[in-house]
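Chemist: Listed here are the chains, written in short residue letters.
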Amino acid sequence: MNPLLKVRDLRTTFTIGDSVARAVDGASFDLFPGETLGLVGESGCGKTVMALSILRLIEDPGEIVAGSVIEYEGANLLELSPRELRRIRGGEIAMIFQEPTTSLNPVLTVGAQIAETLRAHEEISREEARHRSVGLLDLVGIPDPDERASQYPHQLSGGMQQRVMIAMALSCEPKILIADEPTTALDVTIQAQILELLAALQRQLGMAMIFITHDLGVVAGIADRIAVMYGGQIIEEATTKSLFRRAAHPYTEALLQAAPRIDAKADRLSVIPGAVPPATAWPAGCRFHPRCPHAWEHCSGAVPDLLPLPPEHRARCWLVVEPHRRRA
Amino acid sequence: MSRFTQRLLARRRTVLGLVLVSVLCVAAALAPWLVPYDPTAQLDLAGGQYLDPSVAHPFGTDFYSRDLFSRVLYGSRISLTVAFLSVLLSVTIGTAVGLIAGLAGGAVDTVLMRLVDAALAIPRVFLLIVVLALWEGVGLWGLILILGLTSWIDASRIVRGEVLSLKTRDFVTAARATGIGARRLAWSHLLPNLAAPIIVTATLGIGQIILTEAALSYLGIGVKPPMPSWGSIIAEGQQTLGSAPWVATFPGIAIVVTVVGFGLLGDGLRDALDPRTR
Amino acid sequence: MSSLLVEIEHLVREFRTDGGLFGKRLTVRAVDGVSLAIGRGETLGLVGESGSGKTTLGRVILRLLEPTTGTVRFDGEDVFGLDRKALRALRRRMQIVFQDSSGSLNPRMTVGNAVREPLVVHGLARGSEADGRVAALFREVGLDPGYVTAYPHELSGGQRQRVGIARALSVEPEFIVLDEPVSALDVSVQAQVLNLLADLKERRGLTYLFIAHDLAVVRHLADRVAVMYLGKLVESAAAEALYAAPLHPYTTSLLSAAPAPDPAVARQRVVLLGDAPSPHAPPPGCVFHPRCPHPLKSDICRDELPVLHKGEGGRWVACHYAHEPLPVPGHGSTSVPAPGD
Numbered sequence: 049m050n051p052l053l054k055v056r057d058l059r060t061t062f063t064i065g066d067s068v069a070r071a072v073d074g075a076s077f078d079l080f081p082g083e084t085l086g087l088v089g090e091s092g093c094g095k096t097v098m099a100l101s102i103l104r105l106i107e108d109p110g111e112i113v114a115g116s117v118i119e120y121e122g123a124n125l126l127e128l129s130p131r132e133l134r135r136i137r138g139g140e141i142a143m144i145f146q147e148p149t150t151s152l153n154p155v156l157t158v159g160a161q162i163a164e165t166l167r168a169h170e171e172i173s174r175e176e177a178r179h180r181s182v183g184l185l186d187l188v189g190i191p192d193p194d195e196r197a198s199q200y201p202h203q204l205s206g207g208m209q210q211r212v213m214i215a216m217a218l219s220c221e222p223k224i225l226i227a228d229e230p231t232t233a234l235d236v237t238i239q240a241q242i243l244e245l246l247a248a249l250q251r252q253l254g255m256a257m258i259f260i261t262h263d264l265g266v267v268a269g270i271a272d273r274i275a276v277m278y279g280g281q282i283i284e285e286a287t288t289k290s291l292f293r294r295a296a297h298p299y300t301e302a303l304l305q306a307a308p309r310i311d312a313k314a315d316r317l318s319v320i321p322g323a324v325p326p327a328t329a330w331p332a333g334c335r336f337h338p339r340c341p342h343a344w345e346h347c348s349g350a351v352p353d354l355l356p357l358p359p360e361h362r363a364r365c366w367l368v369v370e371p372h373r374r375r376a
Numbered sequence: 006m007s008r009f010t011q012r013l014l015a016r017r018r019t020v021l022g023l024v025l026v027s028v029l030c031v032a033a034a035l036a037p038w039l040v041p042y043d044p045t046a047q048l049d050l051a052g053g054q055y056l057d058p059s060v061a062h063p064f065g066t067d068f069y070s071r072d073l074f075s076r077v078l079y080g081s082r083i084s085l086t087v088a089f090l091s092v093l094l095s096v097t098i099g100t101a102v103g104l105i106a107g108l109a110g111g112a113v114d115t116v117l118m119r120l121v122d123a124a125l126a127i128p129r130v131f132l133l134i135v136v137l138a139l140w141e142g143v144g145l146w147g148l149i150l151i152l153g154l155t156s157w158i159d160a161s162r163i164v165r166g167e168v169l170s171l172k173t174r175d176f177v178t179a180a181r182a183t184g185i186g187a188r189r190l191a192w193s194h195l196l197p198n199l200a201a202p203i204i205v206t207a208t209l210g211i212g213q214i215i216l217t218e219a220a221l222s223y224l225g226i227g228v229k230p231p232m233p234s235w236g237s238i239i240a241e242g243q244q245t246l247g248s249a250p251w252v253a254t255f256p257g258i259a260i261v262v263t264v265v266g267f268g269l270l271g272d273g274l275r276d277a278l279d280p281r282t283r
Numbered sequence: 107m108s109s110l111l112v113e114i115e116h117l118v119r120e121f122r123t124d125g126g127l128f129g130k131r132l133t134v135r136a137v138d139g140v141s142l143a144i145g146r147g148e149t150l151g152l153v154g155e156s157g158s159g160k161t162t163l164g165r166v167i168l169r170l171l172e173p174t175t176g177t178v179r180f181d182g183e184d185v186f187g188l189d190r191k192a193l194r195a196l197r198r199r200m201q202i203v204f205q206d207s208s209g210s211l212n213p214r215m216t217v218g219n220a221v222r223e224p225l226v227v228h229g230l231a232r233g234s235e236a237d238g239r240v241a242a243l244f245r246e247v248g249l250d251p252g253y254v255t256a257y258p259h260e261l262s263g264g265q266r267q268r269v270g271i272a273r274a275l276s277v278e279p280e281f282i283v284l285d286e287p288v289s290a291l292d293v294s295v296q297a298q299v300l301n302l303l304a305d306l307k308e309r310r311g312l313t314y315l316f317i318a319h320d321l322a323v324v325r326h327l328a329d330r331v332a333v334m335y336l337g338k339l340v341e342s343a344a345a346e347a348l349y350a351a352p353l354h355p356y357t358t359s360l361l362s363a364a365p366a367p368d369p370a371v372a373r374q375r376v377v378l379l380g381d382a383p384s385p386h387a388p389p390p391g392c393v394f395h396p397r398c399p400h401p402l403k404s405d406i407c408r409d410e411l412p413v414l415h416k417g418e419g420g421r422w423v424a425c426h427y428a429h430e431p432l433p434v435p436g437h438g439s440t441s442v443p444a445p446g447d
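Residue numbers (the working numbering), protein chains in the order written: chain A, 49 to 376; chain B, 6 to 283; chain C, 107 to 447.
Bound conformation, chain A alone:
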């Protein structure tokens, strides 16, 4: 099967004065139709910048470095004209964000905002657009959709606002939905509702989804495959089952052990020593080596590629080729 989205060697930098922050520094992955790819990482790993880069939403002082490839259905998005790009945005690839309150226009009714998206992509009348907006609000599980369509964002709760965002994103039936931490700002019970909704809609519409989060628990429930990011690169990629059964990269392992579990109580949480380095000064060699319990001299010299760990696993770590170096 051919991938729907092919990202190869994506590099996005931010230049302020003399310093260059390499927010995304050589990321590559595939996204297949209908699947959910979980993109996991902590702050500073570059996951949001990567999402914005896919839709070319990066503005000065940021720029996507030449040589990056983002192919959607065979066409390189980085070479499209503004008009073609606008067709893709919202029409083929849609995005929802973390904070619905700031992503929704406070002075337009929610119905109007959805209708606006529809009319930007299709030639339909106002009434038709309104009719479909109400239909979309119903699709995302908002009760009394006709009434709600005439309300303003501040009149809706956080969970409802996020549903409106989802309705807007799905209005043109995109093939890919990029969800950037869509539930992080929501209460746990509302988060559960939204996750169920996204899963149901995805099944219904046959849509592929890139789900960005820092929460391994969330991604365990929703993703088919997971890519873990650190230092602007993807450092591990595997099916969900495979990743949780046995994480290959020491960073992923450490993350799993550092997270307090709801279903078990650990005596002491294991800690990753040190801190995430700044994007202006990534360490030489493997980005994680200064904090890695297994690192040896080789790690500070050469940057590992995403080395394969059959059958479904890849990790950017020298332990893949020299597993005996793993310390007990």
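Among the hints, erroneous ones may be present.
As the list claims (entries may be wrong) - Under the rule of at most 16 Å between Cα atoms (straight-line distance), these lysine to aspartate or glutamate pairs were calculated in the EDC-like manner:
hint, chain 1, residue 1, chain 2, residue 2
1, A, Lys313, C, Asp329
2, C, Lys307, A, Asp315
3, A, Lys313, C, Asp320
4, A, Lys289, A, Asp272
5, A, Lys313, C, Glu346
No wet-lab data here; the hints were simulated from the structure.
Chain A is fixed; fit chains B and C onto it per the hints.
Modeler: Chains B and C only, in chain A's frame:
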């Protein structure tokens, strides 16, 4: 270069304001040494009246054959001194009132704010005119005092607003949780965070006061002759606008340049200091 | 000396919203008749979502907000009856650590001074002695004392949080309210701070009120857990008991909604119906009933307010059907897979 300086110099307008203000301040400070002639000296009553601007007299001369450039230059010293000191006084009073009202809240706040409203009801310019006209020998210090006492309202409202918003911040709650009293809270926690809006208000206030003082001097009740003030020089040059326009024009330009300079600088400072635009 | 350090009885805190030009002034009961006790040396986890009133409760206990009605006793003393001087003295014994949204540290004050100030205010140390104590506190929370001259914005979220903890510790309190102290931190940093809090508690014999919305985090640190919903306490129990077998349907749905990093755990969530109701107009009867997924839910839930009643093993629950609790789907202790398994 610190981030603040970077932000300040980022916009050309702000740099212009900074340059203008700096030049003015330096000129005013060094005026006694920079003036080619004594500003009050009548150089040549016989043939030196209303001379056109020339190399010897860049701004020309006036009715009393006094060199206009020296007068305008010296006038900057006087206008800026009056402005700085009045603004210092008004901002101090305004900050104190705003701080007390915002911090105390409740009845104190209500009373103080009603006082402010009452003060606002009195037209300032008329009040100034009445007071200055009645009080004859007011002198420069009296003028500064009166201007300061009548201009504190803006500052008080701005400070009060900021204090109300600061009170909701967690670090203020944290400080209260430590058990500190109101005085220490105001001094160590609120004032440092109020510095930015106060500086901006003060800078913009200087421009305002300069205009007010110029108007008063123009009317003859501000800075009194023979001390040169831009306003009084304009008054002097009024009658001869047709024949000797430079007498009224140059001080007018000086006022415009000064007010614009402080205005641009004040705006630039506000943008550079506002944490939200970081 | 009583074994109970903090006793809260029927605490109510109302807020009146400003009607604006044409609106009515509405009253919201952020905390609605909460009674709770915290034992000496215990960590009580207080869990709830937004609008539950847990943050307000934390602040009222410390008297950073005045109560509407109710009492709070700290070591036997009535907190709300104290005069200014006595209250100030009490402030030494109870402290608070905030969620770091970089709002809890004065942006214009160095972090060293922020930690120093309480020492000076209470006359505990001055001059170089104070400097020494500040340095020691920094070391105790895992910060290099070289940071004393730094400003908050120069530090990372985790470092700022440690400063907040150092500040709270400076007056040597017995009781600390931790208001979502790790919610804004990354997982790896969160782990560091949680370990620190556990160590400090043991070393200094502290009592904690740990307010959070993340159930996994609370489980890690709490001895007992109390659950709040819309200003009311709906359940409280020893931590293990609560997580193993919750009695209140809200607790059950909270637990099932919490994501666990293990795809093998069959996640059939107990999904709540609808949105959180408006705090201005709480539903009659049981405040939870409109969203309650309990199969036995009936008219009594709508008509009668369930009273917090005592169950076995020191558990408290406010539900008409607590005797037939909802099971948490697919829940049970799963062993954490060890690396290399």
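Chemist: Give a verdict on every hint.
Modeler: Here is what the structure says about each hint:
Proposed proximity of lysine 313/A and aspartate 329/C is supported: the alpha carbons are some 11 Å apart, at most 16 Å. Among the hinted pairs, lysine 307/C with aspartate 315/A is consistent with the structure: their alpha-carbon atoms are about 14 Å apart, no more than 16 Å. Straight-line distance between C-alpha atoms of lysine 313/A and aspartate 320/C comes to about 14 Å, which keeps the hinted pair within the 16 Å bound. Proposed proximity of lysine 289/A and aspartate 272/A is supported: the alpha carbons are some 8 Å apart, at most 16 Å.
Distance hint between lysine 313/A and glutamate 346/C is fulfilled; the C-alpha atoms sit about 9 Å from each other, no more than 16 Å.
Hint violations for this structure: none, all hints satisfied.
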